[in-house]
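Given chain Y's structure and the hints, the job is docking chains F and G onto it.
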Amino acid sequence: MHPQRKQRLNLILFLVAAVAIAVGLAMYSLSQNINLFQTPTQIAAGEVAPGVTIRAGGLVVDGSVERDTEGLGVTFRVTDGQAQVPMVYEGILPDLFREGQGIVALGQLNHDGVFVASEVLAKHDENYMPPEVQEALEKAHQDGKASMVEAAGATNG
Amino acid sequence: MSINPLFWPELGQLALILSLVMAALQVVIPLVGVQRGQWWLMGYARPLAVGQALFLVISLLMLTWGFLQDDFSVAYVAANSNSQLPTPYKISAVWGAHEGSLLLWVTMLGLWGVAVALLSRSLPLDMVARVLSIMGMISVGFILFTIETSNPFERLLPSPPQDGGDLNPLLQDFGLIVHPPTLYMGYVGLSVAFAFALAALMSGRLDAAWARWSRPWTTAAWIFLTIGIALGSWWAYYELGWGGWWFWDPVENASLMPWLVATALLHSLAVTEKRGLFKSWTVLLAIFAFSLSLLGTFLVRSGVLTSVHAFASDPERGVFILALLGICVGGSLLLYALKAPTVASVGRYELVSRETFLLLNNLVLMVMALAVLTGTLYPLVYDFMGLGKLSVGAAWFNAMFVPLTVALSVLMGIGAMVRWKSDKWSRMATILWIAGITAVVFALGVSLVLSGTVKGGVLLGLAVSAWLIVATLADVWKKSRGQIGRISGLGWSYLGMVLAHVGVGITIIGVTMVANYSIEKSVRIAPGQVETLGDYQFEFVQAGTIEGPNYTSQATRFNLLKDGRVIEVLTAEKRRYHARNSIMTEAAIDASLWRDIYVSMGEPLAGGAWAMRLQVKPFMRWVWLGAIFMSLGGLLAVLDKRYRKQRHSEAKTAAKAQGAAS
Amino acid sequence: MNRALLFIPLVIFALMGVVFWIGLGIEDKTSLPSPLINKPFPDFELGVVEDGRTLTTADLKGQPALVNVWATWCPTCKAEHAFLNTLAAQGVRIIGINYKDDLAKAKDWLAAYGNPYAYNLSDPDGMLGLELGVYGAPETFLIDADGIIRAKHIGDLNPRVWSTLGQTFEALK
Numbered sequence: 000m001h002p003q004r005k006q007r008l009n010l011i012l013f014l015v016a017a018v019a020i021a022v023g024l025a026m027y028s029l030s031q032n033i034n035l036f037q038t039p040t041q042i043a044a045g046e047v048a049p050g051v052t053i054r055a056g057g058l059v060v061d062g063s064v065e066r067d068t069e070g071l072g073v074t075f076r077v078t079d080g081q082a083q084v085p086m087v088y089e090g091i092l093p094d095l096f097r098e099g100q101g102i103v104a105l106g107q108l109n110h111d112g113v114f115v116a117s118e119v120l121a122k123h124d125e126n127y128m129p130p131e132v133q134e135a136l137e138k139a140h141q142d143g144k145a146s147m148v149e150a151a152g153a154t155n156g
Numbered sequence: 000m001s002i003n004p005l006f007w008p009e010l011g012q013l014a015l016i017l018s019l020v021m022a023a024l025q026v027v028i029p030l031v032g033v034q035r036g037q038w039w040l041m042g043y044a045r046p047l048a049v050g051q052a053l054f055l056v057i058s059l060l061m062l063t064w065g066f067l068q069d070d071f072s073v074a075y076v077a078a079n080s081n082s083q084l085p086t087p088y089k090i091s092a093v094w095g096a097h098e099g100s101l102l103l104w105v106t107m108l109g110l111w112g113v114a115v116a117l118l119s120r121s122l123p124l125d126m127v128a129r130v131l132s133i134m135g136m137i138s139v140g141f142i143l144f145t146i147e148t149s150n151p152f153e154r155l156l157p158s159p160p161q162d163g164g165d166l167n168p169l170l171q172d173f174g175l176i177v178h179p180p181t182l183y184m185g186y187v188g189l190s191v192a193f194a195f196a197l198a199a200l201m202s203g204r205l206d207a208a209w210a211r212w213s214r215p216w217t218t219a220a221w222i223f224l225t226i227g228i229a230l231g232s233w234w235a236y237y238e239l240g241w242g243g244w245w246f247w248d249p250v251e252n253a254s255l256m257p258w259l260v261a262t263a264l265l266h267s268l269a270v271t272e273k274r275g276l277f278k279s280w281t282v283l284l285a286i287f288a289f290s291l292s293l294l295g296t297f298l299v300r301s302g303v304l305t306s307v308h309a310f311a312s313d314p315e316r317g318v319f320i321l322a323l324l325g326i327c328v329g330g331s332l333l334l335y336a337l338k339a340p341t342v343a344s345v346g347r348y349e350l351v352s353r354e355t356f357l358l359l360n361n362l363v364l365m366v367m368a369l370a371v372l373t374g375t376l377y378p379l380v381y382d383f384m385g386l387g388k389l390s391v392g393a394a395w396f397n398a399m400f401v402p403l404t405v406a407l408s409v410l411m412g413i414g415a416m417v418r419w420k421s422d423k424w425s426r427m428a429t430i431l432w433i434a435g436i437t438a439v440v441f442a443l444g445v446s447l448v449l450s451g452t453v454k455g456g457v458l459l460g461l462a463v464s465a466w467l468i469v470a471t472l473a474d475v476w477k478k479s480r481g482q483i484g485r486i487s488g489l490g491w492s493y494l495g496m497v498l499a500h501v502g503v504g505i506t507i508i509g510v511t512m513v514a515n516y517s518i519e520k521s522v523r524i525a526p527g528q529v530e531t532l533g534d535y536q537f538e539f540v541q542a543g544t545i546e547g548p549n550y551t552s553q554a555t556r557f558n559l560l561k562d563g564r565v566i567e568v569l570t571a572e573k574r575r576y577h578a579r580n581s582i583m584t585e586a587a588i589d590a591s592l593w594r595d596i597y598v599s600m601g602e603p604l605a606g607g608a609w610a611m612r613l614q615v616k617p618f619m620r621w622v623w624l625g626a627i628f629m630s631l632g633g634l635l636a637v638l639d640k641r642y643r644k645q646r647h648s649e650a651k652t653a654a655k656a657q658g659a660a661s
Numbered sequence: 000m001n002r003a004l005l006f007i008p009l010v011i012f013a014l015m016g017v018v019f020w021i022g023l024g025i026e027d028k029t030s031l032p033s034p035l036i037n038k039p040f041p042d043f044e045l046g047v048v049e050d051g052r053t054l055t056t057a058d059l060k061g062q063p064a065l066v067n068v069w070a071t072w073c074p075t076c077k078a079e080h081a082f083l084n085t086l087a088a089q090g091v092r093i094i095g096i097n098y099k100d101d102l103a104k105a106k107d108w109l110a111a112y113g114n115p116y117a118y119n120l121s122d123p124d125g126m127l128g129l130e131l132g133v134y135g136a137p138e139t140f141l142i143d144a145d146g147i148i149r150a151k152h153i154g155d156l157n158p159r160v161w162s163t164l165g166q167t168f169e170a171l172k
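Protein chains in written order, with numbering that gives the first Met the number 0: chain Y, 0 to 156; chain F, 0 to 661; chain G, 0 to 172.
Honestly, I wouldn't trust all of these hints.
[Claimed, not checked] For the chain G half of the interface with chain F, some residues (derived, Cβ under 8 Å), not all of them: (1) ARG2; (2) LEU23; (3) ALA110; (4) GLY113.
None of these hints come from the bench; they were simulated from the model.
Think of the CB as a built atom: it goes at the ideal place given N, C-alpha and C, for glycine as much as any other residue.
If we strip away everything but chain Y, and leave its shape as in the complex, we get (with noise of 0.2 Å):
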């Protein structure tokens, strides 16, 4: 073979397998890194698995908000309209985080049905709605305005 156009096969065959590896290595860290959201209301039916890391959100509960009297424990409720969510986290939470404030957080749930969160995310002004929840609450409001309406419709016969 003419030594050129050897040169530039191997040239291909190296670059093939060197991208290879690279796609190779990003879709193996990707299934391990990446994080579904999941909404209160899917939570509350069960369709999360304990220990799995995902993230979860919603408004935060008015009243809901209580701190320990001693060390930087905090546990919370978070809503969707439709369902809660009680959640627990160690630490400084984020200045945003305000009761009726969207946020989502980012953690496991455990085998009590407590959301254990391992970070709480909030970077952003005050009328900033994470799009997650937005949509979480827009698709609870519409289920339960039909449920609503079912409910009206079937007493008024």
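Only chains F and G this time, still in chain Y's reference frame:
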């Protein structure tokens, strides 16, 4: 006669429209000149570029004037300023939100055009004409975008508000004054390399000369990008209040991707200039680099991806930017497909040669860029397919980036000293062995001394950066034959490379140490109590309030002690800015070359206590110090004599050719 | 090298363009179809911020109006406020809902920055907001003279938004 203050923003608006006219002329007239071979038409390119920039600068100044005058009849000023805002921030508020920052972007594009116009004496006029025409096309697109969808001069008449909504407190800070302009200079600067690439495709003149012209412009843009990204990281570190300095946030990724590709481009241009190889690939890289700049703009301003500092989302804008992206990138890729050379360049090189190593360099950098792109876009594609909402965590990006950086560093150590065309391992063996052994000893030594244990990640990071630094410096030693006096004679281009590569090593050391040896503690602490973290003690001295010009803050004062002695007094604050009623955490940082001490406030707890986050971050400054070395290296390379000497002789040649043609 | 290979980057970019185009469509949050369009405004009985009297849904009827949900803790509301002043000066009837807010703060705010509202309903626990499907502030509803909700806008009102929304409003008269 006094000028009605209502008039100034209108002047700004008018100037913006005039700049659009200039830009349109800048597109058409020189190109017609090129088509018809008429030199006098081509000659209009330079003055038109200057004219466009002039009007843009006027426009930007009028907007700035509106801020300085507290002219709240201008909607943008009302939304982003306040009478109590300190003056420096009134100026930086000009680029604090979407509309103003876009005007800044477009003005910088105009200014780069002026730079090309003024510093291109050695280029043939038809090249200048093409390059400026293409830059004009980009200007037309973006100025039109600004006027149509993001006009900073919109008025709130007849009843302007009493006062403004204040600049987002996150942005009221030195970092905001410098970070966006620097970054934009980089993004926009890549348009020059882009324009050169397209001009080369259009003229069919894709040669070593084209590469030589493109190189300094690319390096200049790269320098700005490097500094801009480093500034952004540093700013996030001290401003966001939790000690992180890189989050793999979409906006950060949007700046990293063009940087990676620009780095690849820099190196590819070297091959094209020296050996006439990789021409087609280099052109494609130039297109990619600027395309990623544009893509970044799209991602950040269209609302497609939400992030901590994405601008207000607006689908109408998103559509416009997507159209711009489509025309610019699609158009250039089409031109590439149609006019790039299919005949391979003649030039052989052996396996052990600089060409090979630069090729590998490009490969690794492109894979890195692709990885960042994939991670950034994956959530969008996932959502689009209706599979749900997911996020790609920092862990994934790190898992990809770390091995690739290791590979890159190993290659860099060798690549910088290997000869063109053909070289032998035996020639480099001594240096490589020295570097290798030093690297391992260094890594093991530092690991054991600092922590008594050996961690894989630490070993790898330290070994690889030591390898890089030692190999690079050993080559300098060899080339200067051990005499320090000879070093400056080695050429600024070479020394620039040395500095930049050493900078990469420094950054890797910083990242390795900070990532592996940082210690952090979140505590509940009341005045009078002391907390210990590592070798340091934090004594909570007092809590109180501080009144600022446009904020009130709750502050906590700490004594920082080491070995029982007070070495620093740290004051952390939680500020409430009055106009927007928003809260900002101002961390207290004690910085030194070897470590940062980071203290930030959480929430107030019962009994006068506070939740505080205490951190010791070793070698934090090295991360950005490396970037400074890289930028200085780039600067040295740009100032290399050969560009000045060559320009002079080329100017003569170009003038002769022109004389002959007209 | 085959010329066809050179078209690969263009093709890949075109695919990405399609993805973004669709992504834009999905993310068009400002045009979420509200389930309340063409339905009557929810019943309420709330106090007024300015003078404390109590009003009900019946008081909304009579003229088309904008119903603007706002709060003092909301910076975008602040940014929108200037424009609301302009609209009010042009004769547009704006009724405010002070959402999840503090009465005293609301009064101070209106005194400092101007009051474009005919009156403001005080909704401190957000119950009316919940009925209206409000996710955050600011949001603005267009109601006609019979108190039927005809449009909903999420996000701030500004000249650009008003160029389309204003026409819808004109049509209600």
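Verification of the hints:
no.: 1; hint: ARG2; verdict: holds (6 Å)
no.: 2; hint: LEU23; verdict: holds (5 Å)
no.: 3; hint: ALA110; verdict: violated (11 Å)
no.: 4; hint: GLY113; verdict: holds (7 Å)
Consistency note: the structure conflicts with earlier hint 3 alone.
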